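Engineer: Below are the chains, spelled out letter by letter.
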Amino acid sequence: MNSQIAAILTIDGIATGAIYVLIALGFVLIFVVTRIIFVPFGDITAFTALTLADLESKRLPGTVSMIVVLAAAAALMEAVALLRMGARERIPRALFYYLVLPLIPAAVVWLTAGMALAAPLRILLTVALILPLAPLLDRIVFRPIADGSVLLLLIVSVALHFALVGIGLLFFGPEGVRTQSLVDFSMEIAGTPVSGEAILIVASAAFFSFLLFLFFNFTLYGKALHATAMNRTGARLMGIRPHQSGTIAFLLGSLLAAVSGILIAPVNTIFYDSGFLIGLKAFVGAIIGGLVSFPVTAVGSIFVGILESFAAFQSSPFKEVIVFSILIPVLLWRSYSFVHSEEEDEE
Amino acid sequence: MRKLTLGVAALAGLCFVAPATAQDITVGFVTSLSGPASSIGLNYEKGINAAYAYQSEVDGHKINLVKLDDGSDPSAATQNARKLVQQNHVDIMIGTSSAPATNAMLTVANELKVPFVGVSPVNVKIPAEGHPWGISVPQTPSLMVKVIADRMKREGIKTTGFIGFTDSWGDLVYNGAKAAEQNGGPQVTSNERYTRTDTSVTAQALKVMATKPDALLDGGSATQAALPLLEMRKLGFKGNFYGTPALLNRDFVRIGGKAAEGVQVSAGPVIVTSQLPDSHFSKKIGTKFHEVFKKVNGSEADDGFSGYSFDGWLIFLNAAKVALKQAKPGTPEFHEALMQAIYSNKDIAGVHAVYNFTPKSYYGVDERSLVVVKLVDGKWMYQP
Amino acid sequence: MSPRAARTMTFAAVIALLAAPLYLAPFTITLLNYIGIYSLVALGLVLLTGVAGIVSFGQASFMGIAAYATAWTSALMGYSPWLGLVLAVIVTCAVAAVLGAVTLRLQGHFLSLSTIAWGLALYFTFGNIAGLGAYNGISSIPPVSIGTLPLVGSGQIFYLIWGVLLVSMLAAHNLLGSRVGRAMRALRGGNALVESLGVNALHIRLATFVIAALLAALSGWLIAHMGRFVSPTPFDVTMSIVFLMMAMVGGAGYLLGAVVGAALITLLKNWIQDVLPLVAPSTSGQLEIVVFSALFIVFLQRARDGIVPYVAQWLPEPKRERPPEAEPLSRRAQPEKGRVLMTVSAATRRFGGLVAVNDVSFDVRAGEILALIGPNGAGKTTMFNLITGALRASGGRIAFADEDITDASAYTIAAAGIARTFQHVKLRPKMSLLDNVLLGAYGRTHAGFLSGALRLDRTEERRARSEAMKQLDRVGLGERPYDLAGNLPLGNQRLLEIARALAADPILLILDEPAAGLRRQEKLALADLLRNLRTEGLTILLVEHDMDFVMGLVDRIVVMDFGCKLCEGVPHVVRADPRVQEAYLGGVT
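Protein sequences appear in the order of chains A, B and C. Under the working numbering, residues 236 to 582 are what the first sequence spells out, in order. Under the working numbering, residues -7 to 376 are what the second sequence spells out, in order. Under the working numbering, residues 849 to 1437 are what the third sequence spells out, in order.
These are calculated hints, taken from the structure and not from any lab test. Keep in mind the model is a prediction, meaning the values are calculated, not measured. Yeah, the Cβ is synthetic: ideal placement off N, Cα and C, and Gly gets one too.
To be clear about the criterion: a stretch of chain A counts as covered by chain C if any three or more of its residues have a C-beta under 8 Å from a C-beta of chain C, and this derived list gives those stretches:
#1 379 to 391
#2 399 to 412
#3 550 to 558
Using the sequences and the hints, build the whole thing.
Structural biologist: Here is the structure:
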């Protein structure tokens, strides 16, 4: 390996890692607020890419029917729950949030189906379509067991991933897609070619990470979320409803997944089931951050990307073995260097 | 422990079986409609649908077709095979979409003594005691690679890089290429692997570039086989691309775009039926196949896999004609007669090949079963 | 239901099962074979997850190691499948032991996540070893033969599979009722509890992990010789997750849950495969996994604990008799009264910049009740944790019975004869009173995993039970020994903790705020109990906040404030000390 190759590998790794950063941040965000390890994250990323590709080829994306079904189910569950509580007057409001709002982008996409849309418009529509996905899943799947153990939530999350993969195959078919390039230039940095796409990916990852930082530190909602993450009971006493912060966390998660999906769609072929491995690798990054720290997560994810790139060069058949084996020393380091509360693993 | 009773009682209720009408022939078909192999599996499914529409009775005996999904999992394929034989009482099984799962089904066929028509390319060594209960329709992977390696040699290629899937298909193609190398084919300079869900093959492509090969052999399959080609062209690789029938996929062409232009692959003649001379064995039946396929599935048959299902069906139909004279469907004697007929029938012309099976080999194809096709302007062109 | 009726029913069920190939359709037998094989893995998960609280997403890879080991031995090397079994078990257990030793120190979900990691890594490793057929796998694996009879057909290997499963279930059942089984069940109470009983928690966790891997290995051996073909795909993470689902659906805390869960999921999958094509002919293949996952999610939303406990609540409680008297367990020699038993010299503990215990020294003499008192935040509990080994001292020395225990682990300290109770009661709420007290006797008994599983421990077990009953009687809880500990009121829970500590036959009993939360009557009864224990020669160290409770009871008092020792002496002298009054009044205001 010479320095030229090392440079190319590093750049490739950073670009891949930047995608992982977005997903890993989403993992951490959702976990700290809701204690849910949201395994289907990668699937949402893949669905975004598939939706964008469908819009590009002037097809009606399967996401539309998916959202319609999920919104109807969520609205129904919410209405029944409110009826049982005897809070009939809150139903219209719930219907607005769970049914009308998610259906607006779906309706727009449905109406414009078959039309040739400009690329930025397509991207905007895709993001709007994907946004309600995670919050709706949260309402349908996780809300009824929100008080369960981390383990229960994890297992349900895994089952949800299986269901989504099946739904993905149903709605998008088994073939992979790759969308048109977002940017069409490349440049050389110190003699190493760098594609415009790589730059765009890294820039977007940096931008959205920064946005997240601003959100947490300077907005009321962000602070509320932070408070919930720190102390659930305390937050409730302060009048922050955990459901609400959960929904916001999932909404942000959806956004991060959508952005990563948009970015990855032109650089790689995405299948209905591509999300799992992408998600898992991002997850390694999230674990390096201990599922707590956002900055360490970002650094960890970039590290995973670079490691993957070099591992692929050294011994491509064992690439996954190398990437996932790194988790074990990382976990050991975390378990020795951070004190866990003893109460955590009790029933 | 005492609660075991409940479980046993619950299980006891599950042993009902729906019997097929006597005299009907029952065929079991397994493919992957979900999981990683589903992209190929759906083509097999479409092929069998076309086949069933082509002919669904033999000499007045109706054929029942039972289809199951194995989710790309060999152990599910095993379970499906047992289910087909033990519950649906099939007379013959056809399947499935991946090499390990096909091997797994073959094991069951041998145990339960039911003929099995494998539609996936697999590499099986016939053990000493023989494999009397199964055959494989497709060309052997080594033949697929050999034909393309011969073409490389003819075009003066001395060395070739290899990038393939991290799975059984990648193994088969690589081993085929190594075998061809032993027999004077181009020297294989690299063995790089990637998975279908990988986000990048830059590293692998760089490594292949470093070995400076004349050409690249692509051991991927379906859509994602385009990834190494795109990457190699991006890195400035000028050599030719070669591949196997696994690249014959609409989305491969779409995604490969300019980079995939000019790639040459070995392929069953069914891919280029309309370009074949009228004298070719596959011309007539192939034309019929394309016609029925379009009617049933509403799209063109532009892959090789559906043709394997169709040929498997033809082999079965021909064998059934003979076997029906000797035994009644649904009996062990009929299974035996079917298998013997498969071995004794000669020169069955299918859309892919002219089949001659013997108990000594799992395969019944020869080099007539493969032609070389080249991607020109997004169309596969016959290269005599 | 009487034990006899239960035995009869179990016997009838086993007979019905053995005769199954005679009256069930062949495919039902095939399904039963899969259920049996999957149940073995799920059984391991019940022990690992349900009992010991360790969630593993890697069981399928253990199954894979075993399947590959036996495939290599029998198909590639040509040896007997029975040799394959030996090799499969050895290799799998060795891998599990190494992985366990590395990862079992992790906590909670981090541990689970690491199992995903090595589960994936092992899968890709199988696929890349050319000698093992890479992704194509190994075919032509010979069937298992008993004598000269090869077990080829579904109806033949059925007996092998269910035989192995029934024996494993029986062994697991025996194990859970034994000494180490109770320690396994205690693991979920947290390390502090387990180690305080003299149990090396890591050791028990590791052993449980290896046992679960062993069960997966048996299952892998069986599936290799049943399918007679191995490839990496059936052993990937997805399958591990399915096993976990089986255990959870059946009821992860119950041995039978493994079989019920495996049966339910296998049958459900088969049923969905049969029914879906009728409902949705064109998309049935893709819908299968969706319907299956959706049903699973709904199930977990409605019945988290699984089917077995749900059904069991409708069944009558088994009647159990009070354990009979037996020869008492051997006792420790109690030290001579008045001798110095424990010396704390200049003990110090810092947390970052904060000094929680600062240069504290005192002695405990045999046969006395010594109280360590002080206002809130005085450092009493930290001192307590230093003595019991829950925390390491930053400086100073603690000696017990002439041994230095400053840096000893909690379980060695417990084994040396110091028994403790907890300020926030730590009991196993789902275990009976008797079992909770039996936990205390762990250090006085010796039966290991093997003798527990094979029931070679019965004599010792009878003696331990008799001892536990004696302690229950002594604290006044001997009436209903089979009630669940979680159903007791707080006062009685404290007494139960004391009974558990006494079952260890300690030399020194350390009680952490035993009077907290007790009513006046209960406090008086507790004081009486402690006096009686002193009369019997037991040494007691009491960490207490409640001055009134301490005054009439103890022989000497050590007062702490702001991490330092304030004074030491007999109760009325200490009470009169102005510094103590100020500390306490200061604490109040």
